[in-house]
Amino acid sequence: MRAGWLVALSLVVSAAAIAVYSQLLRVPAVRNNPEGYVAAFAIAAVIAGLAVALGRRWYAWTALAVSLVLLLGGATFNFVLARIPAAHTTLRVGERAPDFTLSDAAGRPVTLAGYRGRQPVVLVFYRGYW
Amino acid sequence: MAELQGLGAALSEAEKAGVAIVAVSPDLNERSQELATRLRLDYRFVADPDLALTRRYGLVHARGGQHGEDVPTPTTVVLDRDGVVRWLWVSNNFQVRPDPEAVLHAVRAL
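Chains as they are written, first to last, in the numbering used here: chain A, 7 to 136; chain B, 5 to 114.
Treat the hints as calculated values from the structure; they're not laboratory data. A couple of the hints might just be wrong.
What the hints assert, rightly or not - Examples of chain B residues toward chain A, derived with CB under 8 Å: (1) A24; (2) V28; (3) S29; (4) Q37; (5) L57; (6) G68; (7) T79; (8) T80; (9) V81; (10) L83; (11) G87; (12) R90; (13) D103.
Unchecked claim - Partner residues aside, some chain B positions facing chain A, computed with beta carbon under 8 Å: (14) A18; (15) I25; (16) V26; (17) A27; (18) D31; (19) R48; (20) F49; (21) G62; (22) R85; (23) V89; (24) W91; (25) R101; (26) V111.
Every residue, glycine too, gets a C-beta built ideally from N, C-alpha and C.
The shape of chain A in the complex, shown without the other chains (with noise of 0.2 Å):
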């Protein structure tokens, strides 16, 4: 019956993981650490490996392979989808940021450098989406 008990608890940790994961935008700690879910996938495939190790019951099987598809899912998101190569910025910590104008929504242009002297910037780029 141990396997049982390890087969259940397998399928509890990756459900919890998809749950929290489904969390990510509105928890910063979940979002700002990824790597999270696929850490639990993993615990989830070897409680289940454990689970097949003590009984071999097609349950058993069936459990790991589920954990093993959703870690390889994951890791795959995560490592591979998920990356965004490295830009080779030429801002450096340290230097001037180099001046630009830009215009926002009501068409009043806004200049880097008429900050300087006056206030400190926090400059953000995004996608324009999440």
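Fit chain B to the known structure of chain A by using the hints.
Just chain B now, kept in the frame of chain A:
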């Protein structure tokens, strides 16, 4: 404003400390600008439609967009009053956002 990469609270704190916030993306973001103006936040959402500035700063993610278009690499820069870069965070994983605490710390250290 989700576009600000989850930095919302940190940026409000920074703004109270007298820091200007400039957000750059390929598209005109009228909604966010209207919201910021209405909330009396000194945020400026500017457009870099041909990615000229993004390219100059070396921040283009080639073919990284949903439709294979070039997009900016999500980046956060803290500049001091002399326009010098004092903190720089360039993303290498689109799930991850910069740590708001780290941004605030950098702003407070100016």
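Hint-by-hint comparison with the structure:
no., hint, result
1, A24, "holds (5 Å)"
2, V28, "holds (5 Å)"
3, S29, "holds (4 Å)"
4, Q37, "holds (4 Å)"
5, L57, "holds (5 Å)"
6, G68, "holds (6 Å)"
7, T79, "holds (4 Å)"
8, T80, "holds (5 Å)"
9, V81, "holds (4 Å)"
10, L83, "holds (4 Å)"
11, G87, "holds (5 Å)"
12, R90, "holds (6 Å)"
13, D103, "holds (7 Å)"
14, A18, "holds (6 Å)"
15, I25, "holds (5 Å)"
16, V26, "holds (5 Å)"
17, A27, "holds (5 Å)"
18, D31, "holds (5 Å)"
19, R48, "holds (5 Å)"
20, F49, "holds (6 Å)"
21, G62, "holds (4 Å)"
22, R85, "holds (6 Å)"
23, V89, "holds (5 Å)"
24, W91, "holds (7 Å)"
25, R101, "holds (6 Å)"
26, V111, "holds (7 Å)"
In terms of the numbered hints stated before, the structure departs from none.
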